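Asks: Sequence:
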Amino acid sequence: MAKVGIVMGSDSDMPVMAKAADILEKFGIDYEMTIISAHREPDVFFQYAKTAEEKGFKVIIAGAGMAAHLPGMCAAIFPMPVIGIPMHTTSLGGRDSLYSIVQMPSGIPVATVAINGGANAGILAVKILATGDPELLRKVKEYAAELKEQVEAKDAKLQQVGYKNYTK
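Using UniProt numbering, you'd call the opening residue of the sequence shown number 1 and step up by one each time.
Treat the hints as calculated values from the structure; they're not laboratory data.
Keep in mind that this is a model prediction, so the values were computed, not measured.
Positions of the beta carbon are idealized from the N, C-alpha and C atoms, including for glycine.
Hints should not be assumed to be uniformly reliable.
As the list claims (entries may be wrong) - Below are the DSS-like pairs computed for lysine-lysine, each with C-alpha atoms no more than 25 Å apart in a straight line:
1. K58 x K3
2. K19 x K168
3. K55 x K26
4. K148 x K127
5. K58 x K127
6. K164 x K139
7. K26 x K58
8. K154 x K164
9. K139 x K58
10. K50 x K127
11. K154 x K58
12. K26 x K148
13. K19 x K164
14. K148 x K168
15. K154 x K26
16. K50 x K3
17. K139 x K127
18. K168 x K154
19. K19 x K58
20. K3 x K26
21. K127 x K3
22. K141 x K26
23. K141 x K19
24. K139 x K154
25. K3 x K168
26. K26 x K127
27. K127 x K19
28. K157 x K168
What the hints assert, rightly or not - Label pairs and their calculated CB-CB ranges:
29. S12 x E149: 33 to 41 Å
30. Q103 x A145: 34 to 42 Å
31. D133 x K164: 40 to 48 Å
32. D43 x E152: 49 to 57 Å
Start from the sequences and build out the full structure, keeping to the hints where you can.
Replies: Encoded structure:
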């Protein structure tokens, strides 16, 4: 049973949403990925949001651009956490999406990551699920240690070769 729903308004969002899916796969978390336009097919959207809980979803990751109503409407219907990913747009660089997702009315929160922040949305979903799963929490801690080791390795290289030779 899928624990996370990943929903996007357009297939143009796929490269960003795929990063969330990649993180969930890395942690062994089942998910369902769907393309639904809240504006162009509201009946399909409402069915998705109303049935997400009975499908077993514990978190929804919703990506959207421009007016970006998909995450907020998911949060209005789905009773558990929703993570919004604002998509970069050509007209306003994603600020339109960011403001639409982050400026939710009181009582209808959407956890919002950076513009095009698919990986962080996946990690946040994992951390939310880890609050009730000790094994998953162990994996989150291991992941954090891996990130630390990556930074330490980069610094060791810098110290060894110097900044002028670092990127050569």
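Asks: If a hint holds in the structure, say so; if it doesn't, say that too.
Replies: Comparing the hints with the structure gives:
1. Restraint check for K58 and K3: the C-alpha separation of about 5 Å stays at or below 25 Å, so the hint holds.
2. Using a Cα cut-off of 25 Å, the hinted pair K19 and K168 is violated, with the two alpha carbons roughly 28 Å apart.
3. A distance of roughly 22 Å separates the Cα atoms of K55 and K26; the hinted pair therefore holds under the 25 Å criterion.
4. The straight-line distance between the Cα atoms of K148 and K127 is roughly 17 Å, inside the 25 Å bound, and the hint therefore holds.
5. For the suggested pair K58 and K127, the alpha carbons sit about 12 Å apart, so the restraint of at most 25 Å is met.
6. Between the alpha carbons of K164 and K139 the distance comes to roughly 37 Å, so the proposed pair goes past 25 Å and is violated.
7. With a C-alpha separation of about 18 Å, the suggested pairing of K26 with K58 holds against the 25 Å cut-off.
8. At most 25 Å may separate the alpha-carbon atoms for a hinted pair to count; K154 and K164 meet this at roughly 14 Å.
9. A C-alpha spacing of about 18 Å is found between K139 and K58, which places the hinted pair at or below 25 Å, so the restraint holds.
10. In summary, the hint linking K50 to K127 is supported, as the alpha carbons are separated by about 24 Å, within the 25 Å threshold.
11. Restraint check for K154 and K58: the C-alpha separation of about 36 Å exceeds 25 Å, so the hint is violated.
12. Taking the CA atoms of K26 and K148, the gap is near 18 Å; set against the 25 Å cutoff, the hint holds.
13. With a CA separation close to 32 Å, the supplied pair K19 and K164 exceeds the 25 Å bound.
14. Our distance criterion of 25 Å between C-alpha atoms is met by K148 and K168, whose separation comes to about 23 Å.
15. Annotation: proposed proximity of K154 to K26 holds, straight-line Cα distance about 23 Å (limit 25 Å).
16. Straight-line distance between C-alpha atoms of K50 and K3 comes to about 15 Å, which keeps the hinted pair within the 25 Å bound.
17. A C-alpha spacing of about 10 Å is found between K139 and K127, which places the hinted pair at or below 25 Å, so the restraint holds.
18. In summary, the hint linking K168 to K154 is supported, as the alpha carbons are separated by about 14 Å, within the 25 Å threshold.
19. Of the supplied pair hints, the one linking K19 and K58 holds, its CA atoms being roughly 19 Å apart against a limit of 25 Å.
20. This hinted pair checks out: K3 and K26 have alpha carbons roughly 14 Å apart, not beyond 25 Å.
21. Under the criterion of a C-alpha separation no larger than 25 Å, the hint pairing K127 with K3 is consistent with the structure, at around 13 Å.
22. Annotation: proposed proximity of K141 to K26 holds, straight-line Cα distance about 14 Å (limit 25 Å).
23. Note on K141 and K19: the hinted pairing holds, with a Cα-Cα distance of about 20 Å set against a maximum of 25 Å.
24. Among the hinted pairs, K139 with K154 is consistent with the structure: their alpha-carbon atoms are about 23 Å apart, no more than 25 Å.
25. Of the pairs offered as hints, the one joining K3 and K168 is violated, with about 43 Å between alpha carbons and a cut-off of 25 Å exceeded.
26. A threshold of 25 Å between alpha carbons decides the hint, and for K26 with K127 the separation of about 13 Å falls inside it, so the pair holds.
27. Proximity of K127 to K19 is assessed by CA-CA distance (about 16 Å); at most 25 Å being required, the pair is judged to hold.
28. Among the hinted pairs, K157 with K168 is consistent with the structure: their alpha-carbon atoms are about 12 Å apart, no more than 25 Å.
29. As the Cβ distance of S12 to E149 is approximately 35 Å, the hint placing it in 33 to 41 Å holds.
30. Taken as a hint, the range 34 to 42 Å holds for the pair Q103 and A145, whose Cβ atoms sit roughly 36 Å apart.
31. As the Cβ distance of D133 to K164 is approximately 47 Å, the hint placing it in 40 to 48 Å holds.
32. Range check, D43 to E152: about 52 Å between beta-carbon atoms, so the 49 to 57 Å window is met.
Of the numbered hints stated above, those contradicted by the structure are hints 2, 6, 11, 13 and 25, listed in ascending order.
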